[in-house]
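Take these sequences, add in the hints, and give me the full structure.
Protein sequences, first through last, are from chains A and B.
Counting from 1, position 96 in the first sequence corresponds to residue 112 in the working numbering; the numbering is continuous, with no gaps.
Counting from 1, position 13 in the second sequence corresponds to residue 78 in the working numbering; the numbering is continuous, with no gaps.
Take these hints with a grain of salt, some might be off.
[As the list claims (entries may be wrong)] To give an idea of the chain B side of the interface with chain A (calculated C-beta under 7 Å), a few residues:
(1) TYR96
(2) TYR113
(3) GLY116
(4) SER159
(5) GLU167
(6) ALA168
(7) PHE170
(8) GLN172
(9) GLY173
(10) LEU176
(11) THR177
Honestly, the hints are just simulated from the structure, not real lab data.
Ideal Cβ placement from N, Cα and C applies to all residues, glycine included.
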Amino acid sequence: AQKVTQAQTEISVVEKEDVTLDCVYETRDTTYYLFWYKQPPSGELVFLIRRNSFDEQNEISGRYSWNFQKSTSSFNFTITASQVVDSAVYFCALSEAGGGAQKLVFGQGTRLTINP
Amino acid sequence: NAGVTQTPKFQVLKTGQSMTLQCAQDMNHEYMSWYRQDPGMGLRLIHYSVGAGITDQGEVPNGYNVSRSTTEDFPLRLLSAAPSQTSVYFCASSSPQATRAEAFFGQGTRLTVV
Numbered sequence: 017a018q019k020v021t022q023a024q025t026e027i028s029v030v031e032k033e034d035v036t037l038d039c040v041y042e043t044r045d046t047t048y049y050l051f052w053y054k055q056p057p058s059g060e061l062v063f064l065i066r067r068n069s070f071d072e073q074n075e076i077s078g079r080y081s082w083n084f085q086k087s088t089s090s091f092n093f094t095i096t097a098s099q100v101v102d103s104a105v106y107f108c109a110l111s112e113a114g115g116g117a118q119k120l121v122f123g124q125g126t127r128l129t130i131n132p
Numbered sequence: 066n067a068g069v070t071q072t073p074k075f076q077v078l079k080t081g082q083s084m085t086l087q088c089a090q091d092m093n094h095e096y097m098s099w100y101r102q103d104p105g106m107g108l109r110l111i112h113y114s115v116g117a118g119i120t121d122q123g124e125v126p127n128g129y130n131v132s133r134s135t136t137e138d139f140p141l142r143l144l145s146a147a148p149s150q151t152s153v154y155f156c157a158s159s160s161p162q163a164t165r166a167e168a169f170f171g172q173g174t175r176l177t178v179v
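So this is what it looks like as structure tokens:
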């Protein structure tokens, strides 16, 4: 069975600090997709990134970066120079082979608070 | 762009009542799903559909029914509401194309069963 674990329930940092959110996953599939979603206080789910299991290149998007390591089954998310607007709950998720995202398995989420 | 639209946004039900949460998408996505979000548990899959006329159960299907008569709509029915169904419900749609494998979520429905 697929499983996603986000061991950090809550993280609180001061603005401009770097912060890393951990995500560890379990799956028997050789082809799978990993996602990160952001849920701001307003409640909607905002897509951040999708990574397939064959692409282990790290990705950077502005202040956001993702480190995918199949050897440790981890897909960690780092925010550099955090800002108050980054305060949200962040979810890591996994989908099975087939390409679609109709059956996402989510982690429990990490509540990130950025203090001014 | 409407994307995924859920109605209502808020609902209070009495135990034993039934109701239908509506979900519509205008992106012509084949895949649609329903999730519930409870504190500390992330989102859990209730039911999903890979096309009109095809539905299947997710992780927590008990107490819920779905049907998919059109590509656009995927309503979720609560048969006899229970306090344990108090939650935030999200509908999502996605495409089966691997290059577009991203779930688009509605704004959510906050349901309270008293």
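Now the hints, each set against the structure:
no.: 1; hint: TYR96; in the structure: holds (4 Å)
no.: 2; hint: TYR113; in the structure: holds (5 Å)
no.: 3; hint: GLY116; in the structure: violated (10 Å)
no.: 4; hint: SER159; in the structure: holds (4 Å)
no.: 5; hint: GLU167; in the structure: holds (5 Å)
no.: 6; hint: ALA168; in the structure: holds (4 Å)
no.: 7; hint: PHE170; in the structure: holds (4 Å)
no.: 8; hint: GLN172; in the structure: holds (6 Å)
no.: 9; hint: GLY173; in the structure: holds (6 Å)
no.: 10; hint: LEU176; in the structure: violated (13 Å)
no.: 11; hint: THR177; in the structure: violated (15 Å)
Hint violations for this structure: numbers 3, 10 and 11, all remaining hints satisfied.
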